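A.B. asks: Listed here are the chains, written in short residue letters.
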Amino acid sequence: MTQFKVFRFDPEENKPARFDIYAVPWEKGMTVLEGLLFIADNFYDTPSFRTSCRAAVCGSCAMHINGRYRLVCNTLIETLLPNGVGMITIQPLAHLPVYKDLVVDMTNFFKHYEAIRPYLIHGKSLPEKEFTQSPRDRKKIDGAIDCILCGACYGSCPVAGTNPEYLGPHAILKAARFYNDSRDSANKERLTLIGHNKGLFRCHSIFNCQVVCPKNLDPAGAISQMKVKLIWQKFKGLFGME
Amino acid sequence: MMLANKYDVIIIGGGLAGLRAAVEAQANGVSALIVSKLHPLRSHSGAAQGGVNAPLANNPEAKDDTPDKHAYDTVKGSDFLADQDAVQMMTAMAPEIIYELEHWGCPFSRTDDGRIAQRPFGGAGYPRTCYGADKTGLYMLHTLYEQVVKRGITIISDFFVTALIVEGNTCYGIAGIDMIKGRLETIVGHTVIIATGGAGRIYGKSSNALTSTGLGMALAYWVGAPLKDMEFIQFHPTGIIYKHILMTEGCRGEGGYLVNSKGERFMQKYAPSKMELAPRDIVSRSIATEIEQGRGFEARDGSGYVHLDMRHLGAAKIMERLPGVREICLDFLGLDIIKEPAPIQPVQHYTMGGIDTDVNGATAVKGLYASGECACVSVHGANRLGGNSLLETLVFGKRSGLAAAQYVSGVKQRSYIPQNLIVNISRLYESHFKRITHSQGEEKHRVLKRELSDTMDKLVGIFRNAQDLQSALLKIKELKARFKLLAPPQSGLKFNYDILTHLELEANIDVAEAVVMGALKREESRGSHSRRDFPNRNDKDFLKHTLVYYRAKGDVDVQYKPVAITKFQPEERKY
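Respectively, the protein sequence lines represent chains C and V. Counting from 9, one number per residue, gives the positions in the first sequence under this note's numbering. Counting from 9, one number per residue, gives the positions in the second sequence under this note's numbering.
Source of the hints: derived by calculation from the structure; they are not laboratory data. Given the structure is predicted, the values throughout are model-derived calculations rather than measurements. Built from N, CA and C at the ideal position, the CB exists for glycine as well. Be a bit skeptical, because a hint or two may be false.
[What the hints assert, rightly or not] Below are the DSSO-like pairs computed for lysine-lysine, each with C-alpha atoms no more than 30 Å apart in a straight line: (1) C:K223 / V:K347; (2) C:K137 / V:K71; (3) C:K235 / V:K158; (4) C:K206 / C:K119; (5) V:K582 / V:K77; (6) V:K569 / V:K77; (7) C:K119 / V:K502; (8) V:K158 / C:K206; (9) V:K270 / V:K71; (10) C:K235 / C:K119; (11) V:K189 / C:K23; (12) C:K36 / V:K270; (13) V:K347 / C:K242.
[To be verified] Here are some chain C residues the structure puts well away from chain V; computed CB gaps all over 10 Å: (14) F15; (15) N22; (16) F186.
Pulled out of the complex, with its shape left as it was, chain C reads as follows:
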């Protein structure tokens, strides 16, 4: 048996948050998601949680599990507890208001994503067929394009916790994804959109985002790259090199 200790809270009920504990029969290969589904199937008054693809690609289910932000769907219980013996503690993503139990309101998260103009901006004339892009140029956006916007990085970022206005690692990674796309022609604007004290310069280089990313991406690296690009652009501006 594995003990699941799950965060329960409804802000509209006048009750403090609590943890409920459920006993789940463990079997080899079982994921944390399968544990939560077992609870939903076999107990009354069960916690609300989001899930969809159960294959680590839709980004629905980032939560805080035993001390770290992860996806519940691709976390095998045995990687946290040998033979499933012990306690799995599950809390919702931090820094976002809780709707109910493990379900959070991601409005602010997506507001920051939208603020960086997350779409390709290109010059006026479109080619008849596709834009050509060399494999080498295409490689420059590898990684960043794999972001599933699950919010694990955002939950793990202490700066996002103290500054709700901070764009967050996800938004800056997305900005870098378009900045580095050879088809995009809005580089200067993109740096302006993130190069302020609620963006790039709010990051304290804590690197939690890089550690927790369930897709092994590197938002911290993207933030560093964008800082360098911004400083270089300012430098060029100072000396009239543009």
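Model the placement of chain V on the given structure of chain C, informed by the hints.
C.D. replies: Same frame as chain C, now just chain V:
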């Protein structure tokens, strides 16, 4: 019951088809609203891996590729059940719609000269599957979502649609649960487009997201639109054991082998010329036969499997072209496909059938459209070719968005449904809803759901026969009766997924019944529908589409309609 805003076009579902429809509707000057029970980026479209077909002729081996050849492959793949006018329309539009997506930023992989890279896929005469590594669906979904953000199209997520507002065979809007506010709402509109994806979760062993429940199909079915060709369920040859997560057809497109327990590449016996790249129905049957005849391996859960071996592709190619499936095997099975073969078995993957629509997505109900996997145009017929589903979402998503916009412009008085009608319908809906949630029985919906999916797995799988299908039908009738005796779900409407499962169960049962009825009456083997008691294709009696109608008192009525044949005469299907 609250009355929310009014929109010209309401789109249910935020996957590829829904997003593409919304972009098109808005571009044609009408207001569009996307409602979805989950955030659009969580849609199952994002799980698509291998790619999207278009005859771009970018691959040196595909210089002679044309829309016509793409159409022929699709029609042959469909075992001649696809409507050829619809298929030709789709393949003709394919290049422009893929270029458009590329212009919007979709990060396709590239050829050496910088064009969209294309790989071989099953049943295709040329390498015509455009791909972005093995995450094509994810890249396409994010790209389309970005366009929706750019255009400022309104999205209401966490809204669970439970009924369509239909009066006099005209659709006036939707009713459902706003899960954030925790209350019932109606939203009125001139048109509704259903784009809710497939019904994979009527099966247990499915590659589909847990949210692909088929409710959207049932919404249309319940208000009089027939479901078409539902007996054609695609089983993907390569799902990993235990978790049933997909290993893309791209694994074989890139050169992966299927190997049985005797170490033989057994596809030699079943499709000597195409081998592993025969269409999915044939490969799935071949794997099932190998396992049945004792040449498979046995898994811990008692199921059989064979090996998908990619070791000979080498680490570099796997890391470049198939990083996603490698990660899946590492995460869920703890094995590295660079060093070990992957244990795979056929799993339910796609519903070829769906809401009967024309090439504009129009259904039998006025103002009600459908596109994507929940619809059946039909371009897939009895068996879909890999890479054609993503193409279908774009082409017919766009067409339905355009048709809905044109319908709105044609509505003479731009007045929406009369208020008193809304009130009446809302009352009806509320009483229906109460009947379910205030039920007094003791049956558990999750138990019924499991019995249903077990039945579908065991009796309505790759190989079928009359006896099994009859038993499945009996079971479904039993579940229908027991549905009326369900225990009430957990109280409250706010993020109450227990109520969702409860309400979706009714759809699961009714959609499953349509699948079984179609399968029972189709006394032939065609494409994915393989009857052991009728092993041959029978064009004389069954070269026609099945239409299942929902009738009052829970009866169903099966009818047929002809297949559109333009230039490809039915022939024997050999690979």
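A.B. asks: Each hint needs a verdict: does it hold in this structure or not?
C.D. replies: Structure-based check of all given hints:
no.: 1; hint: C:K223 / V:K347; in the structure: holds, 21 Å
no.: 2; hint: C:K137 / V:K71; in the structure: holds, 16 Å
no.: 3; hint: C:K235 / V:K158; in the structure: holds, 25 Å
no.: 4; hint: C:K206 / C:K119; in the structure: holds, 13 Å
no.: 5; hint: V:K582 / V:K77; in the structure: holds, 16 Å
no.: 6; hint: V:K569 / V:K77; in the structure: holds, 26 Å
no.: 7; hint: C:K119 / V:K502; in the structure: holds, 23 Å
no.: 8; hint: V:K158 / C:K206; in the structure: holds, 22 Å
no.: 9; hint: V:K270 / V:K71; in the structure: violated, 39 Å
no.: 10; hint: C:K235 / C:K119; in the structure: holds, 22 Å
no.: 11; hint: V:K189 / C:K23; in the structure: holds, 18 Å
no.: 12; hint: C:K36 / V:K270; in the structure: holds, 28 Å
no.: 13; hint: V:K347 / C:K242; in the structure: violated, 49 Å
no.: 14; hint: F15; in the structure: holds, 14 Å
no.: 15; hint: N22; in the structure: holds, 15 Å
no.: 16; hint: F186; in the structure: violated, 8 Å
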